[in-house]
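Going down the list, the sequences are from chains A and B. Start counting the first sequence at 41; every next residue gets the next number (this note's numbering). Start counting the second sequence at 41; every next residue gets the next number (this note's numbering).
Just so you know, not all the hints are guaranteed correct.
The list cannot tell twin chains apart, which means a pair is met if one copy fits it or any two copies do.
Stated by the list, open to error - With a straight-line cut-off of 20 Å between C-alpha atoms, the simulated EDC-like cross-links for lysine to aspartate or glutamate are:
| id | residue 1 | residue 2 |
| --- | --- | --- |
| 1 | Lys77 | Asp245 |
| 2 | Lys77 | Glu251 |
| 3 | Lys210 | Glu246 |
No lab work stands behind these hints: they were computed from the structure.
2 protein chains.
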Amino acid sequence: MIHSDPHKPLSVPDAARSRRATRHFDTSRPLSDSLLKQILHVATLAPSGYNLQPWRFLVVRTDANRKKLKASAYNQPKVGEAPVMVIVLGYHYPERSHLDMIVATMRELGAVTPELAAETHSRARSTMEHVNNRPLWTTRSTMLAAATLMLAAESLGVASAPMEGFDEAKVKDAFGVPDDHTVCCLIALGYATEAKPFPGRLGLDEVCFEEHFGQPWTLGDVEEPRPLSP
Amino acid sequence: MIHSDPHKPLSVPDAARSRRATRHFDTSRPLSDSLLKQILHVATLAPSGYNLQPWRFLVVRTDANRKKLKASAYNQPKVGEAPVMVIVLGYHYPERSHLDMIVATMRELGAVTPELAAETHSRARSTMEHVNNRPLWTTRSTMLAAATLMLAAESLGVASAPMEGFDEAKVKDAFGVPDDHTVCCLIALGYATEAKPFPGRLGLDEVCFEEHFGQPWTLGDVEEPRPLSP
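My request is simple: use the sequences and hints to build the entire structure.
Pasting the structure below:
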């Protein structure tokens with residue numbers, strides 16, 4: 041976290057550098073409605089196939105519900121501490137319920153011509169018919185939105201923690217999430233109680249290949265990513 | 041795309057607003073090595089469970105290889121047009137090959153004490169033993185990195201297009217990708233030939249729930265996200 045002025049949001053590289061998976065949140069600092077809305081708005085701008093936007097954000101803020109969520113997440117303290125927990129859901133069948141609305145908006149905004157609207161609609165339906173692994177499909181776009189959400193939060197001075205340690209069946213049961221949704225992750229939002237050191241990253245020479253799998257990245261002068269602040 | 045000055049990268053909200061899934065790339069404009077490296081560096085700053093960083097980026101730039109990739113991606117023109125194609129891979133077993141290196145770096149940077157290093161190592165191993173669906177597990181973190189990559193590109197004036205239309209078996213075969221990796225998506229990078237209108241998004245009242253699944257978001261005054269530029 042470099043600064044916390046929501047009027048001058050951080051750039052993408054700066055937000056990526058200063059973001060940490062926050063361990064403990066300040067229980068005395070709530071997150072304002074206005075910031076929460078801004079963060080969620082930006083998250084919805086993530087891309088998705090056919091603009092189907094399968095992400096759903098279940099926002100949990102009451103003490104009782106955060107306690108319930110904590111019990112479904114191996115009692116991790118941050119779930120109880122963070123003023124806002126977002127249960128990030130991936131919906132399996134957005135083309136069945138939301139495609140008309142999505143294509144109508146695209147027409148309205150001039151993103152498709154009236155002639156192309158019908159074609160877009162039918163191509164989306166037929167492509168989606170061939171998607172067999174719906175949890176995997178929805179997880180792809182939903183995690184794009186989750187990353188956008190956390191970077192937006194960081195850029196606006198709000199700390200986050202992505203969590204994959206939870207019991208999906210328990211979360212679904214506790215919050216009424218139906219079977220046609222996957223719980224992709226939890227995200228805690230709020231303000232960190234302490235600065236956390238940068239844990240480092242593998243170098244580009246470890247995670248990048250050139251032209252063929254296993255062929256090392258040969259661009260010279262590869263620097264390690266470093267944190268902006270100590 | 042609002043501007044293209046890599047010295048003043050866009051903020052996260054601005055980059056999210058101006059990003060479009062680019063349809064056609066300018067074949068006469070290469071992407072500089074320096075920009076490509078910056079974009080990939082920022083992508084590696086995405087979070088992952090136990091900092092395992094399962095993403096791998098296979099960078100494809102030669103004409104011959106982009107042609108090969110195009111043939112594995114339903115002949116979509118942008119694969120041939122974009123100066124850089126990134127095959128975004130999710131590795132299934134980073135804890136088997138990279139955990140020592142990752143924990144050593146965390147120790148070096150003071151992110152874990154020497155005492156906690158051993159515990160972190162063994163907790164990561166034992167947690168990962170219980171992950172049955174490796175393609176789903178790796179897709180989660182890898183798509184966080186993919187989103188970070190595209191937002192970083194946009195913030196630095198580079199257009200992108202995420203693609204899920206490809207034949208995974210063909211891509212793997214053509215580029216030697218082993219079975220313990222999932223092809224999560226392709227990302228085209230370069231410069232757009234045309235401005236593309238904003239296709240709209242579902243409102244927060246459609247994609248957010250409050251406290252319980254299906255319970256509508258009641259925060260008043262919900263604005264639709266709008267593009268920054270026409």
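For each hint, the structure was consulted:
{"no.": "1", "hint": "Lys77 <-> Asp245", "result": "between (39 Å within a copy, 11 Å between copies)"}
{"no.": "2", "hint": "Lys77 <-> Glu251", "result": "between (42 Å within a copy, 15 Å between copies)"}
{"no.": "3", "hint": "Lys210 <-> Glu246", "result": "neither (37 Å within a copy, 24 Å between copies)"}
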